[in-house]
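Student: Hey, can you work out the whole structure from these sequences and the hints?
Which chain is which? The protein sequence lines are A and B, in order. With the working numbering applied, the first sequence covers 0 to 162. With the working numbering applied, the second sequence covers 134 to 683.
Each hint should be verified, as a subset may be incorrect.
[Claimed, not checked] Quick list of the computed label-pair ranges, beta carbon to beta carbon:
hint, chain 1, residue 1, chain 2, residue 2, range
1, B, GLY668, A, GLY120, 28 to 36 Å
2, B, ASP565, A, TYR63, 32 to 40 Å
3, B, ASP656, A, LYS116, 52 to 60 Å
4, A, GLY120, B, ASP321, 33 to 41 Å
5, A, TYR63, B, VAL402, 23 to 31 Å
6, A, ASP114, B, GLN331, 46 to 54 Å
7, B, PRO351, A, VAL43, 47 to 55 Å
8, B, PRO486, A, ARG27, 36 to 44 Å
9, A, GLY120, B, ASP656, 46 to 54 Å
Because the hints were derived from the structure by calculation, they are not lab data. Ideal placement from N, C-alpha and C gives every residue a C-beta, glycine not left out.
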Amino acid sequence: MHRLRLSCLVPLLIATQSFACPAVSVRRGPVEIALAASKGGYVVGEPVELTLTVTNWGGEAVAYRFNDAQRYDFVVMRENGTVVWRWSHDKAFAQVLGTLTLPPGDSRVYREGWDQKNIDGEAVVPGRYVVEGIYPPRRPPGIPGVAQQRGPRVMINVSPLLR
Amino acid sequence: MHSWHVVTLAVAALVVATACGGGATGVTPPSGPGAVSGTTSVDAGVATALAAGGSLPRARGVRSLRGLAVYVPDEVLVKFRPSVQAQDENSLHASVGGRLLRVIPRIDVHILKLSAGTSVQSALATYRSSSLVQYAEQSAYAYALATPNDQFYPLQWHYPKINLPAAWDVTTGAPVIVAVVDTGIRFDHQDVQGVTVQGYDFIDNDSNPTDPGCVTAPDDPSHGTHVAGTIAALTNNGVGVAGVTWGGASGVKIMPVRALDGCGHGTDVAAASGIIYAADNGAKVINLSLRFLASPQVVQDAVNYAYNRGVTLVAAAGNDNGPVGYPAAYPNVIAVAAIACDNTKASYSNFGPEISVAAPGGDTPDCDGDGSPDWVLSTWWSPTLSSGNYYGYDQGTSMAAPHVSGVAALLISRGIVGPAAIRNRLQQTATDLGAPGWDPYFGWGLVNAAAAVGVANTATAMRAFAGMIGGSSITRQSDIVQVNAAGGFAITNAQTGTKSVFAWQDFNGNGVIDAEDVYGRTDNVVVNPGSTTTGVIVTVRRYTGSPIQP
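Tutor: The following block contains the structure:
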């Protein structure tokens, strides 16, 4: 069984301070989806480590079905909601249907890094960014009838290099 | 509940074959394309021997590629018109030199043994010229369709679904390299031993494209191993599963190119690098059972690079029941939709104007009544399984695409080469599903392997291509295209310059222009870039020269 582990030791709270270790979770029935960033504040170009943890706190197994090999996603936005980067934007996924069954008390942990570049490969400017963890992954644009549930969001701050 | 099931084969008994270097078919990739169109003209000497539709009459001793005689050498079948009297029938038989063996009841077809010295050709000509006769044809041998002896072949419903057993009577594949740009494969699986050629790992950037499995989901099976097994698992070896092509020492070769990690994720750069590697290292078909959420230009550039080197690219349409994803949606890729066992669209299969053909991908219908949904069965491995040889079911357009890649390799084995010609062949011979003609869910229909490889008209289709001849070999400089029933042809990607245009009917099906064939050549055809040279006439006649390798 995988216990909920966050690389940042600050427990689940909504981060509003630049240098707090931000982590937040949302609850969907018995399943908790938690997102944590390794730090609250980064200097320009510093890798941002992101961890998404899915835990079944209920008494029964929970099953997810996936259209392909993608299980999760991470999105970075400006505070106004403009998407800056999406983990999946340059990814290919094997086109095989799959399932994941989470037994009671079990977790899955997904870790990815953001190199502070936008989807065009350009470095982002200093400022505040909202990171969202998405589980299960959203369907591609143009697929009707799919409700898009908002995932947990944390805020991070990117500062200029101090000289 | 994990909704896959695994068939375990406990004993690995197969002798390990050596890996093969795998020679590609000798195809010269076209470049700098121009177009040529024209007609074939039949020389008077063979005009009478050509039947309607441009195919030769059945001749004695014609053999399929598997070495079996197709026709009984001295036997013909004759059906008379209903009002013909018995004495007239007997009189005609006597004049031909045929001895009546028996009459097939109900349909009144006469079976005749020809006397020594009487040719089948002349006998048929006489019968066919008589107003008493409804039809006459040479008696053909019947053979059981190829049935591989692999242990789990009876569970592979998806092969008869695309008429593979009949196709296997014609060809089970030649050493054509099919690249599987995927998660890598498990080289220790008994059903891929000796099937692979050297590949590459663009995840770890080394020359070992072994699939390590998925760390975050160790139960998930090796996607690339499943795909590779569908294309070319060792077949007729008494164990495991069959492949669309019968991989092995003399069969189709898999080039594993690892561009997805063990969890099935990969980047655009890895995929593009994998496609380029495959094209540069002899692959003639590239299978892409993957999809991007975006449309990476770098992947499209890689696709176009491979296509322009004569590689056929096949990709999964995607599993969102929505628009076709990339790379399947690129113009130079054959986009494959998935069907369930009952020929309905798989519920997940993407659709749209890019769909070329459909193939089995599995879904919830249970056509064999075993209580389980019918998915695609192939080779299997995951980190949670102990070492051994496993087989399992999966579903998705990932599973449909390798069926088409395998059939494409069979076509290359039959001398139908070049991505445009292969796409056309697959589409023209597909079994129409859904709305008549093309539709966005099935494309031109369910891929039909037997029709594609020409079971019904083995080796008798006349084809045309551009190139240069030198001695006993031809450097082909275009795709080989089919000559239509009216004798016309349209070559769309000939190299520019002064070329020869060839028309060829490989009547004995041996892949060589030789004495059994009909052949013609027109020299000094000027092919200009971006334009069509029209009005080219190629006169064909029975070939009597030394064998030429096209």
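Student: Now tell me if each hint is right for this structure.
Tutor: Results of checking the hints against the structure:
1. GLY668(B) with GLY120(A): 28 to 36 Å: Once the Cβ atoms are compared, 51 Å apart, the range 28 to 36 Å for GLY120(A) and GLY668(B) is violated.
2. ASP565(B) with TYR63(A): 32 to 40 Å: 37 Å, holds
3. ASP656(B) with LYS116(A): 52 to 60 Å: Given range 52 to 60 Å: holds, Cβ gap about 57 Å.
4. GLY120(A) with ASP321(B): 33 to 41 Å: At 39 Å between Cβs, range holds.
5. TYR63(A) with VAL402(B): 23 to 31 Å: 29 Å, holds
6. ASP114(A) with GLN331(B): 46 to 54 Å: 32 Å, violated
7. PRO351(B) with VAL43(A): 47 to 55 Å: Roughly 37 Å apart at Cβ, these two residues miss the hinted range, so it is violated.
8. PRO486(B) with ARG27(A): 36 to 44 Å: Roughly 37 Å apart at Cβ, these two residues keep to the hinted range, so it holds.
9. GLY120(A) with ASP656(B): 46 to 54 Å: Cβ of GLY120(A) to Cβ of ASP656(B): about 52 Å, so the range 46 to 54 Å holds.
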